[in-house]
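Could you put together the complete structure from these sequences and hints?
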Amino acid sequence: MARHNLGTVVQFEFTRTVKKRRFWIATLAIPILLAIVFGLVFASSSNTQSLSEAQKNNQLAFTYTDASALVDPAVAKALGGTVESDPGTAVERVRTGKLNAYFAYPASLQKEPVKVFGTDQGIFKNGSYDAVAKQVVILSAQEKAGSAELSAAIQGNFNTQSQTFKNGKVSGGLETVVPPLLFLVLFYVVIILLANQMLASTLEEKENRVTEMILTTLNPTTLVVGKVISLFLVGALQAVVFAAPMVIGYVFFHDQLAMPNFDLSNLQFQFWPMLVGALLFVGGFILFTGVLVGIGAVMPTAKDASAVFAPVMIMMFIPFYIVSMVVSDPGNLIVQIFTFFPFTAPITAMLRNGFGSLSGVSAAVVIAELFVFGVLALRVAVHLFRYGSIEYSRKLSLRTAFARKG
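Per the UniProt record's numbering, the very first residue in the sequence shown carries number 1; after that it's consecutive.
Bear in mind the hints are in silico, worked out from the structure with no lab data behind them.
Check each hint, because a few of them may be wrong.
Claimed, not checked - Below, computed lysine to aspartate or glutamate pairings styled on DMTMM-like, alpha-carbon distance capped at 25 Å:
(1) LYS98 - ASP120
(2) LYS144 - ASP130
(3) LYS77 - GLU143
(4) LYS144 - GLU84
Claimed, not checked - Cβ pair distances, simulated, as ranges:
(5) ASP329 - LYS115: 50 to 60 Å
(6) VAL37 - PHE317: 17 to 27 Å
(7) VAL247 - PHE317: 25 to 35 Å
(8) ALA61 - LEU182: 46 to 56 Å
(9) VAL365 - PHE12: 31 to 41 Å
(10) GLN121 - ILE318: 48 to 58 Å
(11) LEU376 - ILE318: 13 to 23 Å
(12) VAL37 - ALA67: 41 to 51 Å
(13) VAL372 - PHE317: 18 to 28 Å
(14) ASN159 - VAL247: 25 to 35 Å
(15) TYR188 - THR8: 23 to 33 Å
(16) SER128 - ASN332: 47 to 57 Å
(17) GLN121 - ASP329: 48 to 58 Å
Glycine included, C-beta positions come from ideal geometry on N, C-alpha and C.
Here's what the structure looks like:
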């Protein structure tokens, strides 16, 4: 009997998947939407910048009265203001459009509001009146303080530098937490995107009724393992496609898209947390893939498989209901159960690994558990595929399948 090697299966499954039109429609849909959103944000940002520059060129003209004696005339003049010579008619002149804006500063800014009157320039531009009225007072106060340091202290405009310790050593901040958690993000992306593909990879041959011909020339173990490897490669391809627009936007259009500033050079890729995160990712992927492939082998159609598929996927999201407990109280009994229960272990353990609360012993136990259960799930999937792949119209009986010799 002819035997195809593993490489042939991987190549065939990968090529068959990426050649499908619906695969690229699903894969490119999100990047295209992101590109459209980025384009709209970019256009909006450019328009806002143009309006801002136009407003700077067309300085707001206003008059004011100052009962508080806090306003510095030089500051007010620099911002386009002049002292109101006829306060009694100022509001009326604004109402009739003869005066652009009038600010009335009270004797006590703590007890009374600054009264601002202006001609209507639209709901968004009208806010510039309040902004200028406040800016006049702030800049005047800074001038009276006579010290840049004192002004910065009053406004809270200064930086702090923190350092924390754990077990006698300096503990890291977000720069050490973020890198290990990247495996968590990648895990969700790969599993969620490939879940339907995992089911379809075994259901497609059954629904096309070509399984008998495949199994006459191909070992079921080679076929299932080849499908798993090809799925991993497909997931890697999709992850790259999804990440591309975000990376391009951050690197080349960071300021235009108003993205938050985050110095990537400060990220600390520590060896052990990254290694543990990678092993948790691989072990979790093998476990969930084996289970989903097994479901596809048992069920006759995708519609039947979806009823069992949903609970499996829900278990991936359950740990996020206790994420605050995972971060603040990792020794809690519920957190411990979620850490070692196979279907919640990948997510919970990755969270704890990122936040530094997963001990070396616990990490070793979880990793070993995931790989053991993952390999077991694949072996069961192979066995179920051997007998369930020819059940076209009804669900495979598990009792019957396991009663037979592998």
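Taking the hints in turn, this is what the structure says about them:
For a cut-off of 25 Å, the pair hint linking LYS98 to ASP120 stands: about 13 Å separates their Cα positions. For the suggested pair LYS144 and ASP130, the alpha carbons sit about 22 Å apart, so the restraint of at most 25 Å is met. Straight-line distance between C-alpha atoms of LYS77 and GLU143 comes to about 14 Å, which keeps the hinted pair within the 25 Å bound. Of the supplied pair hints, the one linking LYS144 and GLU84 holds, its CA atoms being roughly 22 Å apart against a limit of 25 Å.
Taking 50 to 60 Å as the suggested C-beta distance range, the pair ASP329 and LYS115 conforms, at roughly 52 Å. A beta carbon spacing of about 25 Å between VAL37 and PHE317 agrees with the range 17 to 27 Å that was offered as a hint. Evaluation of the 25 to 35 Å hint for VAL247 and PHE317 yields a pass: the beta carbon distance comes to about 26 Å. For ALA61 and LEU182, the Cβ-Cβ distance of about 53 Å falls inside the hinted range of 46 to 56 Å, so the restraint holds.
For VAL365 and PHE12, the hinted distance range of 31 to 41 Å is satisfied, since their beta carbons lie about 37 Å from each other. In this structure the hint that GLN121 and ILE318 lie 48 to 58 Å apart at CB holds, the actual value being about 52 Å. At about 22 Å, the beta-carbon gap between LEU376 and ILE318 stays in the expected band of 13 to 23 Å. For VAL37 paired with ALA67, a C-beta distance near 49 Å keeps the hint of 41 to 51 Å intact.
Checked against the given bound of 18 to 28 Å, the beta carbons of VAL372 and PHE317, roughly 24 Å apart, stay inside it. The hint said 25 to 35 Å for the Cβ distance between ASN159 and VAL247, and at roughly 29 Å that hint holds. Distance hint check: the CB atoms of TYR188 and THR8 are about 31 Å apart, consistent with the given range 23 to 33 Å. One distance hint, 47 to 57 Å for the beta-carbon pair SER128 and ASN332, holds here, with the actual separation near 52 Å.
Judged by the Cβ atoms, the range 48 to 58 Å given for GLN121 and ASP329 holds: they are separated by roughly 53 Å.
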